[in-house]
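Line by line, the protein sequences are chains A and B.
Its first residue numbered 108, the first sequence is counted upward by one per residue in our numbering.
Its first residue numbered 108, the second sequence is counted upward by one per residue in our numbering.
Hints are not guaranteed to be accurate.
One copy or two, it doesn't matter: identical chains are merged, so the pair holds either way.
Capping the alpha-carbon separation at 20 Å, the derived lysine to any residue pairs in SDA-like fashion look like this [claimed, not checked]: (1) K115 - D203; (2) K142 - W131; (3) K617 - E461; (4) K342 - A329; (5) K619 - A605; (6) K142 - H132; (7) K602 - L257; (8) K624 - F200.
Hints were generated in silico from the structure; no laboratory data involved.
Here is what each chain is made of, one letter per residue.
Protein chains: 2
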Amino acid sequence: MRKIIPRKIKGFRDSNPGLNSLKWHIINSAGTVYKLYGFEHWDTPVMEYADCIGKYLPEADSVDEGIYFFRNPEKENLFDDEGGLLKDSAGNFLLDNHFIALRYDLTAPLSRLYAEQLWDTYKRGQLTGNNAPLLRRYQYGPVFRYEAKLDPGRFREFWQLDFDSVGSADMGVDAEACMVLSDALEAIGLQRGSFIVKVNNRKIFKGYLANLGLADENMEQAILRIIDKADKIGKEGMILELGKGRKDKSGAEIPGLGLDDSLVSRITGFLDDFSHDASRSDVLTNLRSLSGGNIHLDEGIAELTEIDGILSGLGFDEDRVVFSPALVRGMSYYTGPVFEVESTLTFKDDKGNERRVGSICGGGRYDGLVERLLGAKVPATGASIGVDRLAELLTLTNALPQSQQGPVLIISFDAALKSEYMKIASELRSEGISSEVYYGLQKGLKKQMAYGDKKAAPVVIIIGSDEHAKGVATIRDMRMGAAMSADAASKEEWKSKAQVEVPRGEIAAKVKEMLHKS
Amino acid sequence: MRKIIPRKIKGFRDSNPGLNSLKWHIINSAGTVYKLYGFEHWDTPVMEYADCIGKYLPEADSVDEGIYFFRNPEKENLFDDEGGLLKDSAGNFLLDNHFIALRYDLTAPLSRLYAEQLWDTYKRGQLTGNNAPLLRRYQYGPVFRYEAKLDPGRFREFWQLDFDSVGSADMGVDAEACMVLSDALEAIGLQRGSFIVKVNNRKIFKGYLANLGLADENMEQAILRIIDKADKIGKEGMILELGKGRKDKSGAEIPGLGLDDSLVSRITGFLDDFSHDASRSDVLTNLRSLSGGNIHLDEGIAELTEIDGILSGLGFDEDRVVFSPALVRGMSYYTGPVFEVESTLTFKDDKGNERRVGSICGGGRYDGLVERLLGAKVPATGASIGVDRLAELLTLTNALPQSQQGPVLIISFDAALKSEYMKIASELRSEGISSEVYYGLQKGLKKQMAYGDKKAAPVVIIIGSDEHAKGVATIRDMRMGAAMSADAASKEEWKSKAQVEVPRGEIAAKVKEMLHKS
């Protein structure tokens, strides 16, 4: 008795050839742009020791929230702070099964890679001051988030496509991140004007909160997390969570931060003031009026000013990059400039409502992430394209018409002619034409034609024993056939146009002609 | 105090740009061949429910050996045999945390995908007889094996590149698998004659064992597992494990199967007889003399005979495909033809010893794998290229000289000129030339040049304030510089040849010229 139901893990999905074609179009187009900017392709494992990738997820208060993790089956040594092996009082090595986790992004593993490569240098005391080397890498692959409640169209495994510069404090790389994102999305096929790169700087809100008397790091993170949730819980929910707390739909109490009304309104006021369109220089002017001499605010403004200068000098104007001081990115590891790309395209959902796709890329500067692992401070910045999200956008908005072409199909009409069919397939392949002989279990012509249809076969070749004896083949142009079938006067007319008989020796030439015609 | 040591999980590795370039050269070259044969690109998740991918690993007696697995954090319904939801006596749904596992290959997930797509059809009773549809897919990605003892150069995460035809019993697809492997490896750059596709059929050894009175399925699997280990445990170890057992290096008892000496010598005799080079037709003749009318042996011989006919008809001769009745593939799910590609190239190991790379691809027919999940019998066959193994081979044997070219590097000589440097980089990029401004923390010219060297920058551009004032740039051809540095008479001579000064407006043209020269 079978007890197994064939099924995927909830929240995971298979990618069919259409989705894969879109996905790899995105990866290859953007990857080419990343390379053009001098980023090199590195890869890291899908799993990492949990302690090495830490806990930086939005809304995650403990290491186990949002992450798939388990104990490594291998027992391994425990370390002291210097990387030495711990022993018990009897002199035996202390062993344990360390926690390992599926990576939740590509940034934390990059920090591990960088820190691991420099670990010996650091231990020798040779990593001091500003001599950490520069690493510019890009990477793509699946990441994993265990979101307990999954929104429609979201998945627990999805692909990211990242580029990062580790070992650089230069605002040039932050400005460049905006340029790379903009160029990459255009290379993918998005029209200029259909998306916008938004830039903020963590230091600005940090300084603003400090001016309100809210300089505590934990309080700042807590406030950011609540603001980041505003999309989900609404502005009212946000105000309640900043203040006295609220009840969720199930009636459960969600405690608030306990800020008083005037503080809450100062915070929401800031967000409101900067939620309207304004030029980069107007935003900078408005921010300067808020500064009050706070060092964080001043630094943030200076950094944005430098980014503005670089972008303007290279022709990246307001139609591509704007400043959005109200922008919050979920990851808690950001320390400076943060980026988000918003698509302005809309689509109709199942109920016919006009909807926006929203955020498709994000990133920022994370000067503390490597330090946590390595001990030495190493500044870093980067950004990521959400591959699945972008593929969904391209599909929903028809922004990129995909013309998938399948293989030429040679019908298995007569088992005695199999070797002849295989020879024809082989001849076509030697001309670079994708082709296959039908090998399925269902032998009827209709079923074979349906198989060709499903795979978008552009051409089908039919040779029965009669044709074989006459030394000819019937070749059907499936795309012309499909286009005609609606208005052809008769089956005969349809056949005469969409289908031709050619001598055996001219099959390849005829197929080529049909493939190039359309 | 920090307690975290930056490290990868033992048995896992990072891929640097050189390895990635090799890996993706393999994937793209072979993928193009797979597509040429009509296979479509599908993907499945990295994780699956453990029960859906089962236990088919070599040497694995229980589901938890060799696999990374853990309990899904999500509680989910338990099913009855028909896929209905189980309830307790009080009418409450029964919930549990199901086991999920990192996939150990791409074949078991394909079976799950296929079975899941047909599950509703099957339940409606519409999947009867021979009407299962044909699915020809290729897929690549990482797979995971927890091997307790890891040989040097082997990893617990490695990439496979598979193609399979599900829903076909035709020996045409098995013959084709040999052709695809052969064509794909040549497309990757392996010379014909430097590798050989070996073919066997599980039915042959099954029939041979049945003729020895060993028709029991479990006994057959146990014998295959021991033969498969012969590489590791040696011929003597194999003989002992087939018979009375042996002690391993640590002195631990490894129980034997208890076969008597004459049976063991009949088994080793079969392996010896077929371990020598022989033509496909000679192998078939020898096998026919062993048949004794056993139905499995006869079927196996008939299938190999058909494969031989197809291959010969299409010009795939003994220099590319041979029959090897002694070939055993580890996976227990194979039921018919099995394939293995062996590289005949050798390399020198660390100690200077000549070594063979050995097996780089494998596959076979697995007619029972889908049935276990779906209920209906669906024949299938396919094969897999070991991407990491093949990349290692290409590296060790220098079979594929890689000429990696990094970005053009613009030295950050004078902070005041940053916007000028960025403009030059932008101009080069608009000509399709990969380029970057140096943004690292270490500002010295030497450190910047070392960075360029490490990234294989073909050209370096240097503009100081003097050059800027004169409206010129110094351009250094790094590859010519490297080639010359050994025999240049003087530093001046070296500089005069490897380095030129050009007007600001001619930078892009000069860089292009240098890139195309070498």
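Violating hint indices (sorted, rising): Result: hints 3, 7 and 8 break, sorted rising.
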